[in-house]
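Those sequence lines, one after another, are chains A and Z.
Note that this note's numbering gives residue 228 to position 54 of the first sequence, counting from 1, and the numbers run on in steps of one.
Note that this note's numbering gives residue 67 to position 1 of the second sequence, counting from 1, and the numbers run on in steps of one.
Possibly wrong hints are sitting among the right ones.
[To be verified] Only pairs whose alpha carbons sit at most 25 Å apart, straight line, appear in this in silico SDA-like list of lysine to any residue:
id, chain 1, residue 1, chain 2, residue 2
1, A, Lys-395, A, Leu-308
2, Z, Lys-77, A, Gly-252
3, Z, Lys-90, A, Asp-201
4, Z, Lys-78, A, Arg-282
5, A, Lys-387, A, Asp-201
6, Z, Lys-130, A, Leu-308
7, Z, Lys-130, A, Gly-227
8, Z, Lys-130, A, Lys-305
9, A, Lys-362, A, Asp-324
10, Z, Lys-77, A, Asp-324
11, A, Lys-328, Z, Lys-78
12, Z, Lys-78, A, Gly-316
13, A, Lys-305, A, Lys-328
14, Z, Lys-73, Z, Glu-109
Please keep in mind that the hints were generated in silico from the structure rather than gathered at the bench.
Quick caveat: nothing in here was measured; it's all calculated off a predicted structure.
The residues making up each chain are set out below.
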Amino acid sequence: MKIGVVRFPGSSCEVDCLEAWRLVGEDPVMIWHQETSVKGFDLIVLPGGFSYGNYLRPGSIARYSPIMEDVIRFAKSGGLVWGISNGFQILTECGLLPGAFLRNVGLRYICAPQYLRVENSDLPFTNQYEKGRLIQIPISHGEGNYTIDDEGLKRLQDNNQIVFRYVNTDTSGNPNGSRDNIAGIVNKEGNVLGMMPHPERAVEEIIGGVDGKEMFLSVLKHWEGRSQGGA
Amino acid sequence: MLKARVKVTLKKSILDPQGSAAEKALKSMQYPVESVRIGKFMEVVLNEDDKDKAEKIMHEICQKLLSNPVIEDYSFELEG
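Assemble the whole structure, with the sequences as input and the hints as a guide.
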């Protein structure tokens with residue numbers, strides 16, 4: 175599978191994303207944001223960090239980086255796009271995913287382990303989880319307070335587009351005020367995923383947990399099935 | 067050249083965590099404050115002398131980059 179991870183000025187999780195893909199046997203490629211084509215790629219990852227210093231609004235300037243025009247075209251033609259944290263913010267700014275982000279309720283930057291519930295396990299990104307499973311994946315953001323209007327929320331709910339919700343376990347509930355406890359969503363077609371938690375930081379026991387690893391395995395499983403079934 | 071003075075504010079329906087924090091602080095300082103909303107102010111100097119053209123450009127700039135229409139409203143004034 176040909177995987178590209180886009181590096182914007184200010185990205186900070188791109189190397190972790192590359193490393194996570196290597197752990198599951200892939201050989202991903204870094205794509206500089208000034209490039210203009212994602213031709214030949216099977217998956218594009220928009221990593222976390224602080225693209226353009228998060229000036230103006232997180233993701234608002236990265237959304238106009240040269241590479242994004244082709245990423246948008248790729249996504250609209252059915253290509254797999256996975257935005258993590260700042261990548262999720264970029265996906266809402268460019269309109270590939272609905273909604274927007276506000277400062278966390280409480281105004282604190284939160285970097286902590288977080289429990290999530292897998293709400294949709296029928297996706298290229300989540301097929302290795304059982305629906306309803308609780309997983310622990312770290313969050314790290316100051317502006318993760320997901321907001322969307324009533325109609326938009328109803329559409330997400332009706333189309334099963336909510337992929338992860340923040341859940342209460344022992345210590346952690348909704349950490350940032352996100353509407354309907356939303357931690358991650360997909361587009362209606364299911365090929366564009368945005369999530370605030372960082373699965374690339376939960377792929378080895380030594381870094382605190384492995385609950386994120388199944389996401390990477392899910393994508394590979396999906397790709398395997400697709401290339402065997404298709405063509 | 068024309069200068070645009072741009073105001074970007076959160077839509078009324080959107081909660082403003084920063085505004086609420088400032089509001090609570092002012093109330094605890096005993097000021098007769100009902101509410102606070104925090105927005106952004108920007109100045110854009112355009113290489114354009116035609117007011118109509120400048121206005122059109124500013125609407126585009128505001129819609130595309132300076133504000134996010136999902137959560138924010140914008141307004142601007144042009145001055146020579």
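- Task: Find the hints from earlier in the document that the structure breaks and name them by number, from lowest to highest.
- Result: 2, 3, 6 and 8
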